[in-house]
Structures are given as C-alpha cells and as structure tokens.
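Visitor: So the chains spell out like this:
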Amino acid sequence: MKRRATAALGAALLLAACGSGAPDAGGQPARAAGIRVGTALASEQVLARTLDAAPSSLDPAMVTETSAQHVLDDLFEGLANLSPEGHTVPGVARSWETSTDGLTWVFHLRHDARWSNGAPLTAADFVYAWRRTVDPLTAAPYAQAVAPVLNAYEIATGKRPVSDLGAEALDAHTLRVRLSEPTPYLPFLMTNAWMYPLYRPVIEQYGDAWARPGRMVSNGAYTLQEHVIGNRLTMERNPQYWDAANVRLRRVIYYVLTDRNAQSQRYLAGQVQFVETIPTTDLPWLRRELGEQVVVRPYLGTFYIGVNDRLPPFRGNPQLRLALTMAIDRDKIAAHVLQGAGYPAWTLVPPLDGYQPQIPDWARLPDAQRHQLARQLYREAGYSAERPLRTELTIISGDPVTTLTYEAICAMWRTVLGAEVGLHPEEFKVLLQNNRLHRNILFHSAWIGDYPDPYTFMQLFKTGFDLNYGGYSRPEYDALLAQAALQTRNAERYRIYQQAERFLNADGAYIPVYYYAVRHLVKPYLKGFAPNIVDRNPSRHMYLLEHAGE
Amino acid sequence: MRRYLLRRLLGAIPTLLVIATLAFAMLHAVPGGPFDAARPMEPEIRKAILAKYHLDEPVWQQYLHYLGDLARGNLGPSFQYRGTSVNELIAQGLPVDLAVGGTALLLALLAGTSIGLYAALHRNSRRDWLLMGLAVAGISIPLFVIAPVLVLVFALKLHWLPPGDWVAGSLAHLVLPAVALALPYTAYIARLTRGSALEVLGSAYIRTARAKGLPLRVVMLRHALRPTLLPVVSFLGPAIAGVITGSIVIETVFALPGIGRYFTLGALNRDYTLVMGITILYGALIIACNLLVDLAYALLDPRVRHEP
Amino acid sequence: MSLRHGLWQDAWRRLRRNRAALASGVLLIAILCAALLLPLLSPYSYYAPDWDHLIEPPAFRGWHFLGTDALGRDLLVRTLWGCRISLLVGIAASLVTVTIGVLWGTIAGYVGGRVDALMMRSVDVLYSVPFIPFVIVLTVLFGRDLLLIFIAIGAVSWLDIARIVRGQTLALRNREFIEAARVAGVGTPAMILRHLVPNLIGIVIIYATLTIPTVILFEAFLSFLGLGVQSPMTSLGSLVAEGAGRMQSYPHLLLVPAVFLAAIVYAFNYLGDGLRDALDPRDR
Chain A
1 MKRRATAALG AALLLAACGS GAPDAGGQPA RAAGIRVGTA LASEQVLART
51 LDAAPSSLDP AMVTETSAQH VLDDLFEGLA NLSPEGHTVP GVARSWETST
101 DGLTWVFHLR HDARWSNGAP LTAADFVYAW RRTVDPLTAA PYAQAVAPVL
151 NAYEIATGKR PVSDLGAEAL DAHTLRVRLS EPTPYLPFLM TNAWMYPLYR
201 PVIEQYGDAW ARPGRMVSNG AYTLQEHVIG NRLTMERNPQ YWDAANVRLR
251 RVIYYVLTDR NAQSQRYLAG QVQFVETIPT TDLPWLRREL GEQVVVRPYL
301 GTFYIGVNDR LPPFRGNPQL RLALTMAIDR DKIAAHVLQG AGYPAWTLVP
351 PLDGYQPQIP DWARLPDAQR HQLARQLYRE AGYSAERPLR TELTIISGDP
401 VTTLTYEAIC AMWRTVLGAE VGLHPEEFKV LLQNNRLHRN ILFHSAWIGD
451 YPDPYTFMQL FKTGFDLNYG GYSRPEYDAL LAQAALQTRN AERYRIYQQA
501 ERFLNADGAY IPVYYYAVRH LVKPYLKGFA PNIVDRNPSR HMYLLEHAGE
Chain B
1 MRRYLLRRLL GAIPTLLVIA TLAFAMLHAV PGGPFDAARP MEPEIRKAIL
51 AKYHLDEPVW QQYLHYLGDL ARGNLGPSFQ YRGTSVNELI AQGLPVDLAV
101 GGTALLLALL AGTSIGLYAA LHRNSRRDWL LMGLAVAGIS IPLFVIAPVL
151 VLVFALKLHW LPPGDWVAGS LAHLVLPAVA LALPYTAYIA RLTRGSALEV
201 LGSAYIRTAR AKGLPLRVVM LRHALRPTLL PVVSFLGPAI AGVITGSIVI
251 ETVFALPGIG RYFTLGALNR DYTLVMGITI LYGALIIACN LLVDLAYALL
301 DPRVRHEP
Chain C
1 MSLRHGLWQD AWRRLRRNRA ALASGVLLIA ILCAALLLPL LSPYSYYAPD
51 WDHLIEPPAF RGWHFLGTDA LGRDLLVRTL WGCRISLLVG IAASLVTVTI
101 GVLWGTIAGY VGGRVDALMM RSVDVLYSVP FIPFVIVLTV LFGRDLLLIF
151 IAIGAVSWLD IARIVRGQTL ALRNREFIEA ARVAGVGTPA MILRHLVPNL
201 IGIVIIYATL TIPTVILFEA FLSFLGLGVQ SPMTSLGSLV AEGAGRMQSY
251 PHLLLVPAVF LAAIVYAFNY LGDGLRDALD PRDR
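Chains as they are written, first to last, in this note's numbering: chain A, 1 to 550; chain B, 1 to 308; chain C, 1 to 284.
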C-alpha cells in the first residue's frame, strides 16, 4: 500500500516537474534563457523599454522622428488607434463613415473621452490642434503631413487662412473632415502624432513650453510624470483614459540609449524588458544566447542608392544603372552583412497587404548568368576593363553597418564589372544639403513610410518633390500618381502604382538594395506585443507575466 | 589684491566676446542647418521655421541679436529640443557633471598625488616601475574602452552597481562613472607629481634640508610638498573646466544627462545656440579656474607676488 | 659647433642606458616594419570582404592568424593597416603641431613687446575654446580627407608647445651668441630659423614624440564619435572603437587592435620620457 502511494507520489512529482515550464497564455513553452514564466500577472506591472534617440519635443505638432512617435503613442490618442498587430481600430472616435466619393469623412467621438485633467474631449479639440499644426506661425516642421485634409497644404504654405482647413466640429462629438483627394488610409493617418487633439488652455497658457510634466494635458493611456531631456521619460497610467480598465501596466519608463550596444546590455542585465533596436552585428550572438527573444520582422522602409539624373555618367544612361543594380548580390548582403535583418529589395515599395513587389526576371537568374548580363549592359553603356566607370558613392558617416553594406556593394561592383566606385562618407547634414543641391552622383537613401500605403514611397520620385534628390522627372509617372490619387478603392490604386513602379525600374531611377527589418528584444514574460510592419508598439496593450530566474 | 581681481575679471569680458564670436563664425560656416531633416519640407514651411528663429536674417544681424540676449543672460532657445531653452538644458545637465566630475577629480587628485609621491620616494625601485607602468596604461587606453569594461565587469557580470543612468542623490549611480573618469586623470597627475617631486627633491634647498639630517619623508611633507604640487595645480585649472562641461565618453557609456554630449550632438545637429552656450560656459570656467590657479600659486609659492 | 656635437653624443649615451626607451624604440621600428611589409606578404587585402569567413576568432594557425572581422577581412592585416594610418596621422599631426607651435613661440619670444603680448593673448583665448566642437566643425567643413583630419588635430594641439617654446626663447634671447648674431646684423627671420630653432631642437623632439600618442588617441576618440578615418581605410582608433562595441560578443575584435594601440602609445611615451631625460638631464 505504502509503496504504491510512494510510486504514485513520485509519478505525480515527476509530472509536476515536467510541467514546470508552464506554457504561457500564448501557448508556447517559455524556456528561453532559463527564465521560467507563469501564467498569472506579475505583481509589479512596470515596463522599462528603450528608445534609439531622444525625442526632440513632446509637442505632437513638432515631431518628425520615430522615437517621438513611440512615446506619443502612449501619451496621446487620435481619432483612431492601433491594435498590437498594427491595424487601425477605433480610438477617440468610436465609428466613422465616408461618402461615396471618398472626399468627406464623418467621425463620431466617444462621449466618455476625457483629457487627463478630467475635462471632456470634444471635436473642437481636433479642429484646434490641426489648425495649429498647419498654421505657419506655429512653424511645425512636418505641417505638410496634414495634406490630405482639404486646404491643409495651401494654409501651410501661406496661401490660405487657417480657418479654411477642411475640418469642422459639427457638434461636440461629431467631426467632419473634407479631403482634397480620396485617402483610403486616412484612419491610419489619424493615429499619427500630427493628427492628435490638443488641449487649448494649456497651450495658450504656456506657449511652446507646454509639453512638460506637470503642465502637459494629454488624452492617452499614460500621463507624463518625468522627463529628463535626452535621457529618460517616465509615465504613469492615466485614470481618465476611457479604456483605463484594460491598461494593465501602471508605469512605463523609456530609457534613451543612443548606443545600441547599451540597449542589449541593459536587456541582458534585466533592467529593460523591451529593446527598440539591437545592433545588426550582434544578431548571431544574441540569437544564440536568447533564442526567440530576438524578434526580427519586416519593417516599412527601403534602403536604396539614389542616382543623380542630371549629371553624367548616369544622365540618359539607363544601361549603366541597370548594370549596377544587377551586379549586386542582395542575398549575400542580407545574409552576411545584415545577418538576416534586412530583405533583398528589387522595388521601391516594401511588401504590404495587397501589394506585393514585382520581382524582375533577371533577379531570378543564377548568379553567374546575372553577372554576365550585368557585364553586357556595362559594355553597352560604354564602359569596359580599359575604360572602367570611375565615380563616387556618397554615404553617411558613422554608422558601421551602413558602411559595411556599401563597402560590400562597391566590392561587388569591382569584382563583377570592374567599376571603381569610391566611398565618400559625409556627415549627415552635409549629405542632406549636397543632395538638395543635386551635387551627389550616387548617394545613400533610406525612407521609412509614414503610413502603410505605397504612396508614401511613390511620392519620392514625383517631379519637384523635396526629397527627389536625383531630380528624376517623368511626366507619365506623375500622371499615373495623379490618376491613382483619384481612386477610392485600394485595388485600383495599387494596380496603378504597380504600373508606375515599372517606370521607375525600367528607367533605373534608383538602385534598390534591401527592405528594412525591425530588430527587437522582448522578454518572454512581456505580452501584448506583436511585431507589425509599421513597428508601432503602444504600451497600452502590454502586460507582464509572473516570472523567475532572471 | 582687489584691483588685481577686478582687472582680471574685466579682462575676461573681451576674451569671452572673442570666444563667442569665434564660435558663432565657426558654426555658421558649416553647411547644413538645424532644421534640415530627411523629411520633406516645402520651401514656404522652411521659411516659416527659419523666420521664427531669426535664422533667415543676415548673419551679422543674428550675431547682434545673440549678443543682446547674451547680455541679459539668455542663451537662446535650443534648436534640436524644441520648446526648451539652452539655459534650461544647462541647468538640467550641470549638476550631473558637477557631481561626477567633481568626485572624479577629487579621487584623481588624492590617488594621483599619493601614487606620484610614493613613486618618487621609491625612485627606480620595482614599485616605482610598476606604478608608473600602470600610469602610462591609464593614459594609453582610451576611456571609451575602459569605461565599457568597467560596466561589463561591475554592473553586468557582478551586478554590484547599476550599469548607468542618473538618479539624483544616488551614490550607487555615481561610483562607476566617477571612477572611470578619474582613471586617466589619476594617471596623468601621478606622472606629473612624480616628475615634479623628483625635480624639487633634487633642488638646492631640499638638499640643504637633507644635509641637515632630516628624514626624507619629513622633508617631503614639510618643505617639498608645496612646490611639488604647483604643476598639479596648474593642470587642475583647465581640468576642472573640462570636467564640469562633461565628458562625452562617460555620458554616452553611462547614459548620463550631462552637458558634455551637447557639444557633439549640438555640433552635429547644428544646434547653434546650445553649442555656443556651452562654449561660453567653458570659456568662463577656464577664465575663472585660471584665476583660482593663480591665486593658489600665490598661496603655495611665496616667491610669487601679485601687484597690489 | 663641437660643443653641440658633444651634447648630442652625451644624450645618445644616456638614451642608450635607458632600457625602457631603447626597448620602446626597437618595438616601434618592429611595428613600423611589420606594418609596411606584412600586408604585402599576406594573401589578404584590407578591404575585400570574404563571405565564407565572417567573424572568426583567432586561430593562431592556418592563414587567419588573428581572426577576421564582420566582413571576413583578415584582422591582422587590417590592424597593421590601422597601425600605418595611425602612425601616419600621429607623425603628420605632430609635425603640424610642432611647426606652428615653434614658429609661434619663437616669434613671440624673440620679437617681444606688443607682438608677443598679442600672440600670447591669442593663445590664452584659444585655450578657452573647447576643442571638441571646433574639431567637429573642422572635420565637417573639410570633408573626411585623411590629410585634413591631421591638420584639424594639429591645429588644436599647438598651444602648449607654443608656450613652452616662447619660454625657452625668452631664456635664449639674452645669450651671448644671439647677441653676437644681432650685432652682426642678422635679420629676424634668419635669427629665428638659423639660430633659435636649432637650439630648441631638443625640446621640439621631446614634445613631438610625446604629442604623437596624444594625437593617435585623439583620432581614436574622433572614431568613437564617428568622425575619424572612414572605411574601408582604417586606423587603430576606428578598429578599437568598432571593437569596443562588441566586447561582450566578439572580444578579439577589440583586443587585437587595442593591444597594438596600447603598445604603440606606451612605446612613444617611454621613448619620449627617455629622450627628455637624455636631452634635458636632471637628477631623475
């Protein structure tokens, strides 16, 4: 009797020991790095996460960088909000509808939406905020991002008065927005900082210096408690937020760590639970150490080489451009230089829902054949071993992986074609200025999309666009863009954009290299995070599970 | 004495003016502006921003404008941290650098002079060679290698100290940055002290004291110490100014919110006002420290006299 | 003339007796030879990536003696190239520093009066200008040419030596041979170049030698900021700066260049100290 009981007890204990790596709510065993994760919530719901750069300001109208957007995602909420997967969901507006021509949208705001000081949030707060952003007197750097709203562009460039902005508060909880052209991705735009509502009394009282702890009035899941400029931000849960009951983290601390190595070091030391970016060069080692905690996924950005359309040798020489783009072994760069944190790119727009890149035929050729084709085009362009191409590729200085990538590309050009392209690193601002003056012949370019729609990339090659540094100009391309802008349905627009991209690729308007990837470290006990293509990860959804063994 | 001080302080004003002008000219000579970014900006919008910060005015006008503000103690708005003034940024960062830098220099002074004196007293012994060898190591290995090694060992592996950040009043957060910063200064002061001590010990009046039969240690402390320390005091002047304006290496490695990184970040982001503000602060500190050094010289070396 | 000759012989004898300085000299020559010759003998280039051999730790046998870097390039070859560039930058910047400093100091010290006051006042003012933003501005203004990096470094380091040279010049000014030359009608430029400077050679050599490691370390600091010598060209400073970021994951990337850097800086320091003892003897 006793022996059987002992055996049963032993078996039970054995089973219990096997099950101690308890599956978490996501259904995956959490054994990584010796951390044991329970299923209950941790008693301390405090999240520490990192930022790559210091936000230049916490005034939503003044920000341009992604770090600032991440912080503001927690402090404010726009008409729409984002799910962990990056899909738009209702925010301050609980529903909206659009007219058949797509030019008028009506947003119905929640009645329980409040500011952090308890004041009710009304449609007028949105109208005030957007008018302030486009007002030239405010000097908002990205005022033109409000452009889809009717007359926003004209007001920002001083041609119309602020009152002409196509946004009206029909009543306290109804907002009507009129657009200059149909914009199916408008709900996503409403999640961006420059479309947030603002609390007028505080701004009128403090002017430009209103966005500080103790003064700032916001409407998001968190309020700003502490801001050590350039170093650290601390925010506490906002009890006035309409969905505060579902916000589990009570405090979020953001550490600004411009040194990427520092970010992974703090993570390994257990000080932070979420890392915004890890250095590419450390990926193999971190993958070995941390396994699934390393999250590498596609990001809405493209890394490409800009080509100057106005100066020799590339002016009027499409074969030369094609030769150069064919000679690049993108898979090697993605695998060896980027350690898998980058995806070979043959087109401008990264893969999106419903929009897949059209890979050119030559990309599918085996390497030897592709190189052969490249050499042929190189000769057709007028170059050879006796008369090699000699030119310069201007890049930003100071970023080791970017430099490695370009070194690899130049080495490939030298090996495959015999072309001698020198690397010329320039300090960032100098590069920008030289680009603006169309002085650089080949230059580093990177663009992160503002919203998940191809247009954010397509606009880069519109005639006369500010960032069209190569000076590319093709009337057919511009016409296609204008045509797409009039469509109300994405299927139609995407079809036209695919057509437009074919022009870019045939003309060799740029030399694509790779699509970006996000590189996060996420503790196995941090939940409510999902990688998404726009890399927006509001803390609102996140929570910490009980854990031990760190 | 009072007239001397007054003369020195008045003489500081044209110096500061020259520094401000030099810095202003240098910064505006560089291509690229504070609001150039990799984001599209229509020309009218750019014009509006530049107008708001008076950056569209001719350079000499901006200069006069800046001087006018400067006279009132206003260092202007920061261009990279919108909505914040340079005065506020300095006020936020200065206490950090004072704490870390002050502690570091104090440690370096105590340790460096002790090591240097010890080495001088045991000249050419194995201990002397070892200590001076370590001292050369302290000035040979870059700080941006030493500091991360310290972080790796003491913070990440042993978990004795936090890996960085700044919490006002927390001693634990002060230790590693102060010790890391102190190391190169300790090494330099040790070498300086040893060299100076040997020179002093070889001089006539010290030899006289020794000939009188006094033991070396007494001679050292009573007669030789003050002249030995003169070059160290000289060195401390600019060292204090440098340490107060922060070390960008220490601030980057330990993620400290000091003003040192404003030099680099400010220059790279073309935050004219911020860089100029700190440059002027640095200049003022150097002038003040040089004055203190000269006064200290008068105390330490009775041969030095100032005109009444 | 013969007096000076005798002084040099004495100095050389003293230097030879200083074992540390001698060993340092030998080490520097060895490194210099290795840096110039080995890359020619090695099958690897310092810039060509090798995808099959990424970040290999040192093997001490086979071809990649000290391992490879993130693009598969042989670390020993890159480090020796780094030595070349660092030494080049160090010596060149040191020459610039010494040239400006000596000319400035001798002119101020010899001419004296208002010119001296103005020149030394300028030095005082320049001392009060923080050199970091100044160097950043210089490197940005002049692009990232190798030549201009060491001009930038040289331009901010000449203040100390100018002061010292001025002091020495003041002392020399009243010596008999200078008086004699003046009476003989030697003009100021000739006085400075032919009579003063040669007598300052001792000081100049000492300070030039001691400036070189400072410059090399300063270039390393610039590399840490992202402003130093740019890829694919490399210096010890940029190798160390790259390696410092990977200390935890791939320590050999830091250790190899750091050892070379420390060795070179050590050697120059001991050599400089030895030269100072030899040329400027006091009871040390």
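Mixed in with the good hints there might be a few duds.
[Claimed, not checked] Computed cross-link-like contacts, EDC-like style, restricted to lysine to aspartate or glutamate with a CA-CA straight-line distance of at most 16 Å:
(1) K47/B to D478/A
(2) K52/B to D135/A
(3) K47/B to D466/A
(4) K47/B to E492/A
Worth flagging that the hints you see were computed from the coordinates, not collected in a lab.
Visitor: Now tell me if each hint is right for this structure.
Guide: Quick rundown of the hints versus the structure:
A C-alpha spacing of about 26 Å is found between K47/B and D478/A, which places the hinted pair above 16 Å, so the restraint is violated. With a C-alpha separation of about 12 Å, the suggested pairing of K52/B with D135/A holds against the 16 Å cut-off. Between K47/B and D466/A the CA atoms are separated by roughly 14 Å; this keeps the pair inside 16 Å, and the hint holds. In summary, the hint linking K47/B to E492/A is not supported, as the alpha carbons are separated by about 38 Å, beyond the 16 Å threshold.
The structure fails hints 1 and 4 (numbered hints given earlier, in ascending order).
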